[in-house]
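*Asks:* Spelled out from the first residue to the last, the chains are:
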Amino acid sequence: MIAEETLLNELKQLETQAKAFEVLVNTYKERLYWHIRRIVLNHDDTDDVLQNTFIKVFKNIDGFKGDSKLYSWMYRIATNEALTFLKKNSNKLGISNSELQDKMVSNLQADVYFEGDEIQLKLQKAIATLPEKQKLVFNMKYYQEMKYEEISEILNTSVGGLKASYHLAVKKVESFLKGD
Amino acid sequence: MNKKKNKKDFKTPKGYFEGFTDRLLDKMSSMEGNQEESILPEKEGFKLPDGYFDSLNKNIQEKLNDEVPKVIALNRRRKFYYYVAAAVAAIVLLTVGIQTNMNQEPTFENLAKTEIEDYFNNTDLGLSTYEIAEVIPVDELEISDITDNQIEDENIIDYLDNSIDNIEELNLTDYEY
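Which chain is which? The protein sequence lines are A and B, in order.
Just so you know, my numbering puts 145 at position 145 of the first sequence, and the rest follows in order with no gaps.
Just so you know, my numbering puts 156 at position 156 of the second sequence, and the rest follows in order with no gaps.
Next up, chain B with everything else stripped away, as it sits in the complex (with noise of 0.2 Å):
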């Protein structure tokens, strides 16, 4: 084979995709910042009382000297029964949990399938699908993941059995049978 054929006949600068992606994004924020037709409002509308920060460093102080730290010295007596008292409290508290838990028989799976999964259904975590993947490693998947994971048929089957009511809903045809 022709060595000449495997020479590139164009050139880029050195370290050019080294930087590109950071041009890239400076040149897309410069562009919104500092367009002219710009719709973004200069001014937000905001204001505060006059003098506010004048007065700032005083309301600090006044509130810093207010936080004086109450100490409340326990003799030792009362605190050995402090300790009773919380011992006594534990072991009452283990016990009706173990025999509360030994009467459930809660496995890893069962905990698995129905608590994260109503953790995750029912509190709002708060991240958009922007933030989480910017929290998951691209480079961590592989295409293998998704080729070797189909879904088998049977999987199907549950799912329509669980989230149909009607089958004529779906509109399938005799052929399609």
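The following block holds chain A by itself, in its conformation from the complex (with noise of 0.2 Å):
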């Protein structure tokens, strides 16, 4: 894998930008859609704020002053078109955020893109009761297995801060799951 501080290089020179941007895609697409995909929780949806965050990254390279790790930066821009995604569609459907989770999550339902079962499902449902924060840590800590350290960068908590969040939504979730 190439170098952080050299890719960052390429990127900010017109004449290697295009090869460059090419492996920063393919370096993160994967990881950033699933990051993504667990907060709007469609396809479609991950699809369009993948691609947006993606172009956000490309336009503002220029001004990543490397305070963080390129990594935490683009989670960062991912996890903000992801919430203000779903900002949006709550206010366009003039409903709230909760009532949205719900509706995302009865959306499951019918949706070719997700083959989970009704423990799945009432994960998801559980998932869609934790505040907002709690629910990012939660994913971040229990599907895609990211360290303390990392998810502070990117969320801009404390480490405890993000141990204590953790704990509350773990304990949520399974006895959301043990009731019925």
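Everything labelled a hint here was simulated from the structure, so no lab data went into it.
Just so you know, even glycine gets a beta-carbon here, dropped at the ideal spot from N, CA and C.
Possibly wrong hints are sitting among the right ones.
Stated by the list, open to error - The calculated lysine to aspartate or glutamate pairs, modelled on EDC-like cross-linking and capped at a C-alpha distance of 16 Å, are:
#1 B/K43 - A/E118
#2 B/K43 - A/E145
#3 B/K63 - A/D47
Stated by the list, open to error - Derived CB-CB ranges, DEER-like:
#4 B/N59 - A/N91: 22 to 30 Å
#5 B/G15 - A/A3: 32 to 40 Å
#6 A/I55 - B/A87: 36 to 44 Å
#7 B/K47 - A/K56: 37 to 45 Å
#8 A/Q17 - B/V92: 45 to 53 Å
#9 A/T16 - B/E18: 46 to 54 Å
To be verified - Chain A residues, not near chain B, derived (Cβ > 10 Å throughout):
#10 T16
#11 A20
#12 N26
#13 Y71
#14 F85
#15 L93
#16 A128
#17 E150
#18 H167
Put the two chains together into one complex; each comes in its own frame, and the hints tell you how they fit.
*Replies:* See below:
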């Protein structure tokens, strides 16, 4: 894998930009896809948000100062894009965020790109009940198996706070799954 | 007083308490994640179209190429008229705005009570109790904040006046009157 610093330099130079961008997309597309998919749930919406994320990254790469890792910066953009997408959707439909979450989960039943069984559907229902931050931490830790330090840089929250959020999230999801 | 009594009989490893919270939270997290009897499903059931990632790069490139910004040139004369129109509009708006404001005579106190309360009541801040707890620094709270701010009798009477329609609901006995 190409070193982040080299890639960043190539992205900022016109003659190497196109090739470097392709490398960037190929390196991060799957990880970012699954990160976004777990927030917006539906494949087509994920595709839109993912493409917009990469376009934003490309357009703003000159403004990236390297204060954080490129990887965390891209995750942050993807998270913001996904959450903004949801916010716009709930505004457009005139419903609250939690009503939108319920709607998204019930839409999964008819989604051709969801093959989950009853328990997996229930898992999504459980995750939908979590507050935004806990939801993000739960997905990033449990399903994406990210380190607390990485999540901390992306979400700009202390490691201690993340551990507490994760603990609460797991407890809530488990008790939801245990209940009928 | 016997000096020996002040000496602690037991010792803890160096730095034991400093790292205690972290170790505890780590343990709690690993218990949840690795529990054999964990009821969390391993897979979530999401799938995606075949070959989706192969064509993603091309799709992004196409979208980027479509987004060439359009440059609309304004000639100078037209620009001048725009400025004039904008200035006139600004003056009209300001005049109307000031007059309307003068009629209402808003004060900061009114604003603070109605507008801010309204904002908090009607805006979904999206913050859970836990998240609010995360941002409020506990260190800055003093016990005196709670003990010194006792509820006055008249506040209680005001509250009851405003929120209780029927005094019978309170089930007060004569003695309590």
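*Asks:* Work down the list of hints and note, for each, if the structure agrees.
*Replies:* Hint by hint, here is what the structure shows:
{"no.": "1", "hint": "B/K43 - A/E118", "result": "12 Å, holds"}
{"no.": "2", "hint": "B/K43 - A/E145", "result": "13 Å, holds"}
{"no.": "3", "hint": "B/K63 - A/D47", "result": "12 Å, holds"}
{"no.": "4", "hint": "B/N59 - A/N91: 22 to 30 Å", "result": "27 Å, holds"}
{"no.": "5", "hint": "B/G15 - A/A3: 32 to 40 Å", "result": "36 Å, holds"}
{"no.": "6", "hint": "A/I55 - B/A87: 36 to 44 Å", "result": "37 Å, holds"}
{"no.": "7", "hint": "B/K47 - A/K56: 37 to 45 Å", "result": "26 Å, violated"}
{"no.": "8", "hint": "A/Q17 - B/V92: 45 to 53 Å", "result": "48 Å, holds"}
{"no.": "9", "hint": "A/T16 - B/E18: 46 to 54 Å", "result": "47 Å, holds"}
{"no.": "10", "hint": "T16", "result": "16 Å, holds"}
{"no.": "11", "hint": "A20", "result": "12 Å, holds"}
{"no.": "12", "hint": "N26", "result": "7 Å, violated"}
{"no.": "13", "hint": "Y71", "result": "18 Å, holds"}
{"no.": "14", "hint": "F85", "result": "15 Å, holds"}
{"no.": "15", "hint": "L93", "result": "14 Å, holds"}
{"no.": "16", "hint": "A128", "result": "13 Å, holds"}
{"no.": "17", "hint": "E150", "result": "15 Å, holds"}
{"no.": "18", "hint": "H167", "result": "5 Å, violated"}
Hints 7, 12 and 18, counting from the list given before, are not met by this structure.
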